[in-house]
Every structure is written in C-alpha cells, then in structure tokens.
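K.L.:
Go by the hints and put chains B, C and D onto chain A.
Protein chains: 4
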Amino acid sequence: MIIVMRHGAGKEALAEVKNRIREYGYKPHVIHGETRNVIGAIGDERGKSVLQALESLPGVESVVPILKPYKLASKEVKLQRTSVEIAPGVVVGGDQLIVMAGPCSVESQEQIIETAHAVKAAGATVLRGGAFKPRSSPYSFQGMEEEGLKLLALAREETGLPIVTEVVNPRDVDLVAKYADVMQVGARNVQNFALLKMLGKIDKPVLLKRGMATTIQEFLMSAEYILSEGNQRVMLCERGIRTFETATRNTLDISAIPVLREQTHLPIIIDPSHATGHASLVPSMCYASVAAGCDGLIVEVHPHPEVAASDGPQSLRPEVFTEMMAKLAEFAAVVGKTL
Amino acid sequence: MIIVMRHGAGKEALAEVKNRIREYGYKPHVIHGETRNVIGAIGDERGKSVLQALESLPGVESVVPILKPYKLASKEVKLQRTSVEIAPGVVVGGDQLIVMAGPCSVESQEQIIETAHAVKAAGATVLRGGAFKPRSSPYSFQGMEEEGLKLLALAREETGLPIVTEVVNPRDVDLVAKYADVMQVGARNVQNFALLKMLGKIDKPVLLKRGMATTIQEFLMSAEYILSEGNQRVMLCERGIRTFETATRNTLDISAIPVLREQTHLPIIIDPSHATGHASLVPSMCYASVAAGCDGLIVEVHPHPEVAASDGPQSLRPEVFTEMMAKLAEFAAVVGKTL
Amino acid sequence: MIIVMRHGAGKEALAEVKNRIREYGYKPHVIHGETRNVIGAIGDERGKSVLQALESLPGVESVVPILKPYKLASKEVKLQRTSVEIAPGVVVGGDQLIVMAGPCSVESQEQIIETAHAVKAAGATVLRGGAFKPRSSPYSFQGMEEEGLKLLALAREETGLPIVTEVVNPRDVDLVAKYADVMQVGARNVQNFALLKMLGKIDKPVLLKRGMATTIQEFLMSAEYILSEGNQRVMLCERGIRTFETATRNTLDISAIPVLREQTHLPIIIDPSHATGHASLVPSMCYASVAAGCDGLIVEVHPHPEVAASDGPQSLRPEVFTEMMAKLAEFAAVVGKTL
Amino acid sequence: MIIVMRHGAGKEALAEVKNRIREYGYKPHVIHGETRNVIGAIGDERGKSVLQALESLPGVESVVPILKPYKLASKEVKLQRTSVEIAPGVVVGGDQLIVMAGPCSVESQEQIIETAHAVKAAGATVLRGGAFKPRSSPYSFQGMEEEGLKLLALAREETGLPIVTEVVNPRDVDLVAKYADVMQVGARNVQNFALLKMLGKIDKPVLLKRGMATTIQEFLMSAEYILSEGNQRVMLCERGIRTFETATRNTLDISAIPVLREQTHLPIIIDPSHATGHASLVPSMCYASVAAGCDGLIVEVHPHPEVAASDGPQSLRPEVFTEMMAKLAEFAAVVGKTL
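In order, the protein sequence lines correspond to chains A, B, C and D. Residue 1351 in my numbering sits at position 149 of the first sequence, with consecutive numbering throughout. Residue 1400 in my numbering sits at position 198 of the second sequence, with consecutive numbering throughout. Residue 1330 in my numbering sits at position 128 of the third sequence, with consecutive numbering throughout. Residue 1298 in my numbering sits at position 96 of the fourth sequence, with consecutive numbering throughout.
Take the hints with a grain of salt, since some may be wrong.
Copies of the same chain are indistinguishable here, so a pair counts whether it falls within one copy or spans any two.
What the hints assert, rightly or not - The calculated PhoX-like cross-link candidates involving lysine-lysine, where the alpha carbons are at most 25 Å apart (straight line), are: (1) Lys1213 - Lys1277; (2) Lys1270 - Lys1220; (3) Lys1213 - Lys1322; (4) Lys1539 - Lys1380; (5) Lys1539 - Lys1529; (6) Lys1220 - Lys1399; (7) Lys1280 - Lys1406; (8) Lys1280 - Lys1352; (9) Lys1229 - Lys1213; (10) Lys1277 - Lys1539; (11) Lys1213 - Lys1280; (12) Lys1220 - Lys1380; (13) Lys1352 - Lys1403; (14) Lys1529 - Lys1280; (15) Lys1399 - Lys1529; (16) Lys1220 - Lys1322.
Note that these hints are calculated values from the structure, not bench results.
The shape of chain A in the complex, shown without the other chains:
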C-alpha cells in the first residue's frame, strides 16, 4: 500500500499515519516529495485491505494498493499452468483445445440426446446443458431441475461426453455434483460467495464465469474463494462484459485472455454465445479466442433454435457448428493445439 498525504499535511498527521501502519503490523517508509509526502506500508499483502481505512484520517489524500490481492490464483505462487482433467483423457489447460457444446437449457430427452450426438460427431468433447436456469424474468422457463440433470446423465451414457451444468443455489451443490462432471457458476453468481465456498469443498472441477461487471482482479478473487477452500480445479470463463454497445448482447473481452495468462495459472475458457447474443457472430469469435490463446470454448448449439426455450438467437444449428469445428481445427494447429 502507498498512502499519499495531502498537500500541506503537517508532521502530526504524518506521525499518526505511521503509528496506524505500525499498529496494523506493517512497517512505514516515508518518501518526502516536493509537493506532498508518500508513505509505503511494507509487509505481507494479505489482509492489507484494512489499511484502506486510513483514507479517513484528515491528512490522507488517498490510499493506493500496489499488490494484487489474490494469492493462490497468482502466478507468483504457482508458476506452472494448471491443467484440469474433467474426464479420462479430457484435460483443460494442455495441448487439447476443449470444446463444450450443447443447448442453453435441457428441454426434453429427444432434444438433449439429438444435440449430444450432433456435437460429438462434430468433435466436441464436453456436453453443456442447463437444468437450473437463472432467468431475469420469473415468468420465463426456469429449467427442468433434477429431471434435466437425469437427462444429461443419460446423454453422457449414450455418447460418452462428460457434462457441464450450472448450479445456482448452495443448497443444490450436492445434488448437481451427483450428476455433473463440471460444476458451472454463472455470471450472475460470480460473487455469490456462499456458493463459491461450498464449491471449494467438493471434489469436482468448477467452471467459473466472469460477471457482467466484474473486473479481472475481482474475477480472480472469486476464484480465490474456491481455491482457498481446497478445490484447485478451477477454470475461468470470460463471457462478455456489459458496456454501452448494444449491437452485441455483451462485449466479449478477448484481451482478458492474455491478461489472465500473465496473472494466473488457471485455464481459460471463452463463451462467445452469451457474449455476442447472435449466432452469426459466434464462429469468428471462436476463431479469435483460439488465436488469442484460450484453452477451450463453451458454445450453445440447438437443433431448432427458432423454438428454443431460451437463448435461441445465439444458438448455432448443428450443421453450422460442424462447419465451424473444421475451420477451428486449422486455427488450433497454428497455436499448437489439437481439437
């Protein structure tokens, strides 16, 4: 932490800040500047947020954090990139480019089985599908719940594809874990800390989606909640942030890929479907994400988007998905990955 003193703050003000810094267990170090003084607080970074309260002292202009607040998610603590095995032979964070595909919601046995076969045939290695749906309207379809989980399990049995599905209530963690290979935390729950803590205590990989207004630093702090409870198998998923632009549902922050690669060892998945909101924009965003260095993609595919219970406009038809996968393999080859 750097504590910037006000222009004209006197010796007493400086002394008080130094005392407070010592009280909190840090060592103060003053730099006397031309127009104002600046104090560094030296010490271990965790818990330093209490120093922020020094901003309330009369002589203090601002308190500037210097270090990143996360630890276990950081490359300083763990240099080697993490790879997460989600099923035998399906490893996220290595040389494989993992593609998770399937409908937004599980709607029926026919729909999920048909889609599972189609995405598998096109080369997807994980099946996605929502059974608990967080919808902004209480009047929209809320998901098939446990019935949907059972249908996903059935699709896995039929195709061999591991399944990723969302959990929205801490209460349902055990139920979802009974069926799922990967537990998904949706964008709206990225700071549902009760849920994150519970996911930190189970032995299942977690796909953590970034929220619509979550900074990359906050995103890594949310991952830290899971990691610090013991579960190290966390995958980060960028799915678009909310901006002023309305041509797309959200703005896909592809630059988050190299930023995250610099700051964390955790694998990075991109969701171009929720980011763009329009099926026609999805393939080029998949290509771009792979070129930028992501470890995997999660893509919405529906056999009949025009009657989908949710997210129809952003779902690819199976034939478009198949075509896209062929092109994707070429981009994957350039970055040294196999599809």
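P.N.:
Below, chains B, C and D alone, put in the same frame as chain A:
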C-alpha cells in the same frame, strides 16, 4: 413484440414467421414498409420472450420488444404508490423521509450500541449493520454472523430503532428473519433468484439493492421475483452503477429516482455511501437524492472510520452525520416530507 | 510516480530504472518490500508522463501516477473559487444560481424570440440556442449557422439576456465570438484540442462540456488547455456520461459536483436535458443538482417540442419550465443561493 | 419508426399522432394491441429522426427506430465489399492483410528512418507515425507538426512505404494531404463533423478511428459524413472502447469485426496498441483480429520504447514485431489472406 424482416425477405419467409407467431398464441399483424416489412405480434405480454427465438429464422433481421416485461412491479397494474411499514410508525413511501444509518459491519457490542445511540440522536429511524458480509476477498473480514444479529437485536432493544441487515445465502433467510425488521439483498445478489424466491415467501419487508451492472428494467424484474411469490413489501435501493469513472467507487444514478417513479409504485431508497466510496461526497448526494424525490436513505456511519473493519473511507463520523441531518430536514421540507 | 518492480527483478534492473529516473530529472527513492521493490520518483509533477515509458523496461511491473496531472485548474494552485461574469450583473460561481435556458437549435426568428421572452419571464438569466449543430447524422438539421447567431443577437437585444451558443470548428471561433457572450464547447469536442487552444486565446467565457466518456481528470485536463493559453473564464458542464443504462439517454453524474468542488476552483454547470433525454426527468434532476451544490443549470426549453428540429423529447414546454423555476427557488434558498 | 402509445391513451391522442406522421410525409399504420396501440410510420428512412419529437405528445410512451440511419455505408446500398488502394499494389479490403506499423510520434529523423526500415524488413506495408498529436495534457509532447510530416515523407522515399498520419484540425487537411497517403482521424475526433466533412471532399483514403464511447451505429454515421461528401475511400478502425475494466487501457471490441462485416461494405482495421495499452498484449490481439476477419492492423513499433515521447508502454520493439509478423502469416493463411 415487433419482428423486423430483412430487406428482400420473400413471401415464404413472411408466412413462416406469421405461422410461428400464431403457434405461440399471438396474432400476427403485418405492416408492409418501403424497404422491409414489419410484423407486430399481438397478445398478452407475459412469456413473450419466447418470440425472441424467431430471430433465428432466415428472413428475420431483429425482434424488438415493445412492452415492459414486469407486471406486478408496474404502475399499470397498481397505480397507487406502495408504502411499507417496517415498524410501528416507521413507514417508507409516504410523507416520512426514512433515514437508515449505522456501520457497514457489526464489529462489537460497544461499537454497535454507541453507533445506534448516535444515529438515533441525530434523527435516524432505522439502524443498519451487516452481520453476513459478502466481501470480494476471502481474506477480508466476513462478518460476525449470528453473533452480529444478536448484537443488532440488543441495539434495537436499547434504542427502539428497527434494524435492517443483509442476507446472502438462501439457507440463512429464516435465521436472519428471526432478528431483522428489514431483509437486505445486496448488489451482488440482485439476480440471486433462489434467494429472491425465498424472500418472496416470508412476511418481512425486503430492501433490494440494484446491482452494479443491472439495468432498471432488470432491477424491476428482480423485484418481480419477490412480488410474484407473494411478498408485496419490497423497497428498491439504488447504490451506484459501475462506469468508467474512477473518481468515485461507483456512479450514483440519481436519475433512476424519477425513472422508477414513472415505472413502478415501489418506494425508492438511495445508498450514497457505497455509490461514492468517500465520506466527503455523501452529504451532498443525500441532499440531491431527497431533492430528486427518494423515499429514504441508507447511510454508513461509524464512530471511528479509521479503524473500521470494512468501508471505513465511506463512513461518516457521527458528528458529520448529525450536521448533515439538520440540513437534510430543510431539503425534506421543500419536497413536503418530514424527517 | 511510483514504479513497481516485478517480483524477482534483480539489482541490475533496479539500477537501470534508477538511472532512467535520474536522466529524466527526478530523484529515485527505493522502498525495499517483502515481495517486490517500489521506487518513488521525486520531482515536479508536470511532464512526468514521460516516466510512464519506464513500464517498457523488463524489470518493471507497472508505473503508478500519484499526483493529478493538471495544475492551473487545481485548488492547490488557486484556493479561492473562480467566479465568471458573463454579462453585467450575471456572475457564475457566486451566490447567484444561474439558469441558462432556450431551444436546442435556433430554428426561426419567431421561435427564438418567443422562447427568449418565455424563459426570461420565468427567471432565466441567460439564453441558450444552437446555430452550429454537431449532429450524429449528416442528414439531420445542421443549424442555421451565422443566420442563427444573428437571431440570437436579436433575441438578446429584445430581452437583455446574454447568450450562450456552441462553436464546433476552430475556424469559426472569431465569428461566434462576435455574437456570443459565452462560447460553448460541446461534449463531442471536449478533446478537440485545436479548438480548446483557440478558445484559450480569446477574451470570452467558455462553457466546456464533459464528453460522454471523459473522466473527471481528463475533463480538468481539457480545461487546463484553455487556462494555460491565458483564458481564465472557464465553466465546467456535466451533461451525462455513457453507461450501459438505456432508460436515460446518458447517466447524469451528479456526484461529479462534489468531486469537482474538491478538486477545482472552476464553477460547475449541470445540463439535465442532454443527460436524461426525456423532459419528464429534467425538473427533478435540476432540483438534485442545485441541492448537490452546482453553480448553474443549462436547460432546453421549446415552445412546441413536438415539432422541434432537434432534441424535442428532452425540451421543456415554457409552462413546465416556469413551474419548475418556482420550485427551484426554494431549493436554491436552502443552499444560500438566489435565483 | 414505431410509435408506442401509452396504456389508456384515447382516440384523440391516436388521431393527433397519425396527423403528425402524415404532416411529416409518412403513412401511419395502426396496430391495435391488447394493452396499448402501436403505430408504424411508413416511408423513406432518411430524415426520420424528426419523428422522434413525437415522443413529446401526451399520449406517446416511446418512439422506437426500426431502420439503421446510415445509407451509403450500408450493405443494402452497396453489396460488394469496398477495397481501398492506398498506394500502387497496396490494397485494403481484398486478399492482402495490410499491416501499418511505426511509432506513435515522429520524434527525429533517425528514429523514424530506423523504424521504417525495421517494420519494412518485418513485412509491414504501410508506415504509421504521428506529427500532430492530440494529447490529453497540454504539457505533453504535441508532435513535430509539419517537420514531422517531412520526415515521414523522407522515410517513404527511403523505404517505399506509403504513410498514414493523423490530422486533428480542419485547417490542416490540405497540409497533411500534401504529405500523407492515408489521412487518419483519431478516436477523439470521430464526431468532429467539421473535420469529417472536409475529408469527404478530398481525394485521399481516410482511416477513421472509432471513439472511446462511440456505438457501432454512430461510427457508421461518422463514416457516412465522409461518404456523403463524395469520398468513398473510408477505412474503419476499431481501437478499443472505454469500459469499467482497468487491466487494459481500453477494451478491444473484436466482435465489432463480424458486426461491421454484416452491416457495412467498408474495410476494417484493428489497432491493438491503443486498445490494450501494453506491448505484451499486442501480439495475441493481432492474431485474434486476423482470425476474426479484419482487413488490416495498425501497430505501434518503437526502437526504444523506454524513451518514447508517447505511448512507450504499448510499443513493440522491432524484434518482437518481426517475430509476431511470422506468426501472423500463419493465421492469415488460414483465412485465405497473404501478408
């Protein structure tokens, strides 16, 4: 819903869209334009979101919703403004300007009792204080939990002030309801639908905070989740939205007050503390909010902000709060409210 | 500037940074931390932006500016608040609350004269009206240009109201200055530095609007362009920033008022018309702005908004404006200002 | 345009709106809905913005534009993609991937000549360099002006590379056009309509940068200003939009590439340097942009970023640029382009 056809879309495309509209139970009405056709789908608005999926059809350019998706929160359904009684004689949404004040977190018996007396003396009518704290870092203080709730209840006993406190986990709704007069939903949980549904089933007023990236329409949809489960005592709280500006913690959207007054009958509370993040900015934002027509304020007050466990920089000292309340009474008088 | 070294950066890297700091004329001061070192660069703040380039050195993690980059706009250089006399007896920045009102565009002699009389009768002290219109579409009405300026001058002659009007091209500065009492710089030109420099050389007050995505710090740097050329009569105008919210045209950042009052001595004007985009939201935002401590308002008024050539939806009818002014006087009284 | 009437608006209100629509030269078409009526205004789309003023009528709830406001920039008017020849054999918008590279600012003859040779050797086909610099601070380096233009011309003579450079003042259009092969409009001037109109009248290609808070629709309207004056050689450049995220200088909106390809025939250039603000993030964003389908890149390269007069942190060293170009060729091959 208005379905805009693509330039050059032919008769078959038009016929297919009309058929789909009828299948969903709406009546299609075509307007033949100069460069493209437009189809209105006539019918009851609830559930119309399924029509959005028509965007997947080849001849469709876009699907434009015309009606607001909420119903119970709307002034079309209930013209008279809602007033919420949170304790005998403490009514939000009428001629009283309600001020809720207290520390961010309950830290100790001494702290909460001292603050409660101070804010009561200054004219506050509700005591705020957090026992379950959603913190972005797992290493930050997470709140005193039930012990904190007990201290709040003790402060109520000593001062007579009703208490508002946050609930973050659906599991804790009954526990928190045992102590609290008002259940607060924090910004990070505005779309924690599992929590909202549970709060819709209890008999306690709810203070629902807008999320950092929640549109006003989504905010009202979140209120709709509570209302549609049966609980009509919902208060909306604007607490700043996330923008590019960093001089303030968030940007307080004061124009949300008149927008909400046009669209909903629910009372409106403003939280200038989390919005601005700096104590020195809080009083003028309180004055502005009252002038703009809010029904109440929720303000962080701490006897010693420089040692606060959380949110020190944005907490008012009791003497500043007292001074502000005197000025606030003058503004309240202009809008015909009493403090 | 604080230069944060990378974790593990060695002595040579540190030495190189120290040398570069000295080369740029600053004095390096190292703080040896537990996990990384931090170097303060001590010296006069102007021009320090060159230090930012040190981020390119291999051992450097980031370069953190500590001081504000503006000088003449700052309260550190000039403690006393600036007041700007725009006509005899019309002073912005003192005890008067200045209300500038009139149509978005000058459309005809009848329209501008009728409006000028109406706003004067209601208590406005300055007439606004656009002759050069920066419109996002080349097919929209672009203003009456010099003919419009002449009509504004005529309206001034008839009513005695000084006039504020926009200049969009550096070439037109002299032409507009021939007619206008206050030169307005629109939001789209807030970083049109060629225009700002020219306005810094003339002897007319300038009303500088904040851009849609301009931080408060950048806004003050734009003011600095005018001030540093010699013109000290600068008024700052907040007119809404662009956010994700679409219920309003922009989001009025009322908290900019207290932030600016802490950072600068320049007077502050609020434009609620462009900020909200809807006439029904304007009065409450005027009340809020006055309560928050602004020095003046600029409000769009049109005798027949439904046929206005531009900005009809956000223009007040004269009778609504008159009613609002009466209420505004009550709020002004609370803050010790007269209308 | 769709005019949505208020719930409960009567026959007179409807009749008035219909009359106004006819007065403006459009044909009204009413759809009688269950809860409210909706009126389509049928007619040519240009100039329809006047209909927006109908929102001021008492019975009107909102006015919803259906059509895009631009015409010449649209694929409806010109289906075939535009290709812009900026020098013999250097064509943007075809099978060539055009890479423009060079320093942010021209600083000296040695610097620009050295850089020109380096970027040419690496495969760049256009040299970039700023002579007129729009800087947020009046105290920062403002560019070498005409002297800089002469040095750019000298570099062109030595290397054969055509040059792109920025013009910031309408007054300087002829001067810059005397030297430049491509006229660049910076992000801050995207709505400097006086400048755009002048550039519409000259016979030089224009590289138009998107502003920090410019929607794609507004961006195309700015292009329309140039096109409608007669100059058809316009290239669009995405360079990052301003969001809440601070890990990058701006957020590169790569999804703008497919959106623009759907809406316009104009070529698309990406500037990853200003978008990210950090050299280490530039290569992956170049790869992603090419994969997403852009026509070219504009990249900052400086032989000694640590002493650059501007934008040092985001400038690539020549050896990094060279390495990147080799990889870029592989991605270009996948999309069928040559470097």
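K.L.:
Work down the list of hints and note, for each, if the structure agrees.
P.N.:
Consistency of the hints with the structure:
1. Lys1213 - Lys1277: between (40 Å within a copy, 22 Å between copies)
2. Lys1270 - Lys1220: Answer is both; intra-copy 23 Å and inter-copy 24 Å each pass.
3. Lys1213 - Lys1322: Neither way: Lys1213 and Lys1322 sit 70 Å apart in one copy and 36 Å across, limit 25 Å.
4. Lys1539 - Lys1380: neither (32 Å within a copy, 49 Å between copies)
5. Lys1539 - Lys1529: Both. Shortest intra-copy (13 Å) and inter-copy (15 Å) distances satisfy the 25 Å Cα cut-off.
6. Lys1220 - Lys1399: neither (36 Å within a copy, 44 Å between copies)
7. Lys1280 - Lys1406: Within. Shortest intra-copy distance 20 Å satisfies the 25 Å Cα cut-off; inter-copy 47 Å does not.
8. Lys1280 - Lys1352: neither (37 Å within a copy, 42 Å between copies)
9. Lys1229 - Lys1213: both (18 Å within a copy, 22 Å between copies)
10. Lys1277 - Lys1539: Cα proximity of Lys1277 and Lys1539: one copy only (22 Å, versus 37 Å across).
11. Lys1213 - Lys1280: between (42 Å within a copy, 24 Å between copies)
12. Lys1220 - Lys1380: neither (54 Å within a copy, 44 Å between copies)
13. Lys1352 - Lys1403: Cα proximity of Lys1352 and Lys1403: one copy only (23 Å, versus 29 Å across).
14. Lys1529 - Lys1280: neither (34 Å within a copy, 28 Å between copies)
15. Lys1399 - Lys1529: Cα proximity of Lys1399 and Lys1529: none, with 39 Å in one copy and 42 Å across.
16. Lys1220 - Lys1322: neither (63 Å within a copy, 34 Å between copies)
When held up to the earlier numbered hints, the structure conflicts with 3, 4, 6, 8, 12, 14, 15, 16 and fits the remainder.
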